[in-house]
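What follows is the residue order along each chain.
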Amino acid sequence: MRSLACALVALLPVGLAAQHVAIGPQVAFGDYREVSSDLHYRGGGIGAKATLEWKKFSADIVLSKVKYKPTSDGTATTEFDASEVDVRLRYYITGPVSGELGFINRKVDPEFEAQSVGAVTAGAQMAYLLGPGVRMALHGGLMFGAKYSGGGTTSGLGALQLGLGLTVDALHSRVRVTGDYGFQRFSRKTDDGSGALPAPIQKSLGRVGFAIAF
Amino acid sequence: MNARVVLLAVMALGGVATLRAQTIQNPTLRRAQQAFDNLDYRQALSAGQAALRERLTGFERARAYELLGFTYSGMDSILKAVDAFKQVVLLEPERTLDPNRTSPKALSAFQVALTQVLVVRQLVVDSVAFVGGQGVVPIRYTVTQPARVVTRVVGGSTSLRIDSTVATGQVNIRWPARLPNGDPIPPGNYTVVVDATVGQNSSSTSQPIRVSHGTVDTVAHLTSLPGYTYLPETEVPPKSWRPMGLALVYTGIALAGTSALSNRDLGSASLREGGTIGAGIVLAGFIMTLKKPAPQPARGNILYNQLLREQITRRNAEIAQENTRRRQQVALTVAPVPRSGGSR
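Those protein sequences? They're chains A and B, same order as listed.
Each residue of the first sequence is one higher than the one before, starting from 399 at the first, in the working numbering.
Each residue of the second sequence is one higher than the one before, starting from 10 at the first, in the working numbering.
Calculated directly from the structure, the hints in this document are not laboratory data.
A hint or two may mislead.
What the hints assert, rightly or not - Sample of chain B residues with no beta-carbon within 12 Å of chain A, all distances over it, derived:
#1 Leu99
#2 Gly164
#3 Arg251
#4 Ile262
#5 Ala265
#6 Asn272
#7 Ile286
Said to hold, decoys possible - If you only want the chain B side, here are some residues facing chain A, beta carbon under 10 Å, derived:
#8 Met253
#9 Leu275
#10 Ala278
In this text the structure is predicted, and so the values were computed from the model without any measurement.
Positions of the beta carbon are idealized from the N, C-alpha and C atoms, including for glycine.
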C-alpha cells in the first residue's frame, strides 16, 4: 500500500506531462461477505483516485482503506481493515468501448479476519457523455489468477467484477466530482482434504469524492 | 451677310483669343468687307482684289480670298468662286463653312474647291487611357483627294511610321502606342504627322500629343466571397431524453448485474453502494436531459466553410498573380495638345 502510494507520487510528474491528469480523495463505503451470509461486514473509510489520460490510453489508480465492522445479522465479532489497490489500464477501441487490463490487491488487517486477495483483471468499459463535462462509465470483467491469504482456488470464470462510474466536471474542468461503484465476486473453493468446499467472497464498494484536474 | 456668318464660324473655331489676335487690320480689306456687307459686290470684288495685291497676313489673305469666293458666288461666277475657295483651303486647310449659315452656291463652290486641291485636314487624336498592349489610340483625318498617305509619330529620337495607305475621304487609324519591339511608347511629347502625296502635290498636317505613364491599379484581396457568408460550425441539437435513458440503462445493468452475479450462499446482494452511485448517475442524466444540449459540430457547415475558405484562398492566389502581372504593366495616357500651327 505504502509502496504503491510512493509509486503514485513518483509517477505524478510524469502524469502531469500527459494530456490529462486528475487526482483526488474519496470517501468509501462498502459491504463485504465471505463464506456464508453469517460473515457479513459493512464499513466506511477513505480512498484516493488518480486518472491519467494520454491519447488512446488511460489509467485509473484507486487506493482505498475501509474499516469493516460486523453487521448485526451475522455471527462475526471482529472488525478488520481492508486496504485495496485497484489499477486499471485502458485502451480506447471504438465508439464507447475501451479494453481494460489491470490488477487488484487487497490486504486485510488483522490478517486472518478476512481474506487478502490479489488478481489480474481484464475486461471492457463502456463510457458515455451524458452532457457537457458529465461522463458515466460501465465496466466489467474477469479476475484471473486470484491468490488468497487463506488458500483456495477460483475457476477461470469464477472471479468477476462489475463497476459503474460518474465524473462531473466543475470549475471549468479544474475540479471533477467523482462517484464509483465496484462489485467483486470470487467463487473461491477450498480443499482441506475432505473435498472442495465453497468459500465465496463478495464485496461491494462505493466511493464518492472529487479530484483536481491538471 | 455671308461673310459675317463665316466670321462667326471662324470665331467658333478659333475662339475669342484667336480672334483678337487675328482681326483684319488692312483698310482695303476692311473696305471690301464693308462693301460685301452692303451687297455692293462690284466694290467688294475690286477692293478684295486690290487688298490681295497689298501686304497681308496669312489670316487676312485667307479672308480676302474667302470674301472673293462669297462675292463670286453671289455673282454666280462659280468657277472663279471655286478658284478663290481653293486658295482659302490651301491657306487654311481646316477652314469649314457652316452649312446652315452659308448660301448653297458658296457651299457648293467650297465643296468643289475641296475636291480640287490635295489637303489633309481635320486630324483628330482622341484622348485615351489604357494598359499598355491592351488598347489603341484612335486617330482620324480627312484627305481631300486620293493620295498616298503616311502617318508618323515623331518625338525626340523616336520616329514611328504607324500607317501608310492610299486613301481619300475620312481615314481611321488605330494605333497601339507601342514601339517595334513591343514595349509601350516612352512618356513624352510627340507629334502625329500625316503626309499625303499624289504626283507633285503634297499636303501635311500634324497634331501634338502627350504620352504619360502611370501604374496599373491592382486588385484588392478578398476576405469573403460576395453573396456567400460563413455558417456556424456548431449547432445545438434538440433536447433529448437520451441522457436520462442511458443513465437508467447503465444503472440498471450495474444493479441487475450485481444482483445476478452475487452468490446465493452469501445472502441477498447489497445494492446500497450501487444504488447510491446509480442514483447519482440517474440524477445527472435527468439534469442533462433538462439542460440545454451542448453545441455539436455541424459537419455540413464545417465542410461548407472549408470549401469557402479554399475558394477565397484560391481566388486570392489568382489575384496575387494578377497583381504581380499588373505591377509589371504600364497605364498609358495619350492626350492631344492644342496645336500651334496648321497644315501646309
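Hints and how they fare:
Every Cβ of chain A is farther than 12 Å from the Cβ of Leu99(B); the closest lies at roughly 99 Å, confirming the non-interface assignment. With a least beta-carbon separation of about 75 Å from chain A, Gly164(B) lies farther than 12 Å from that chain, consistent with its non-interface assignment. Interface exclusion of Arg251(B) from chain A breaks down, the closest Cβ pair being 9 Å apart, not more than 12 Å. With a least CB separation of 6 Å from chain A, Ile262(B) falls inside the 12 Å interface cut-off, contrary to its annotation.
Against the 12 Å criterion, Ala265(B) falls within the reach of chain A, whose nearest CB is about 10 Å from its own CB. Residue-level check failed: Asn272(B) sits 4 Å from the nearest beta carbon of chain A, not beyond 12 Å. Annotated as non-interface, Ile286(B) brings its C-beta within 12 Å of a C-beta of chain A; the closest such distance is 4 Å. Against a cut-off of 10 Å between C-beta atoms, the interface hint on Met253(B) holds, since the closest Cβ of chain A lies about 9 Å away.
Taken as an interface hint, Leu275(B) checks out: its beta carbon lies about 4 Å from the nearest beta carbon of chain A, inside 10 Å. Hint status for Ala278(B): holds, given a least beta-carbon distance of 7 Å to chain A, under 10 Å.
Violation of the numbered hints given earlier is confined to hints 3, 4, 5, 6, 7; the remaining hints are satisfied by the structure.
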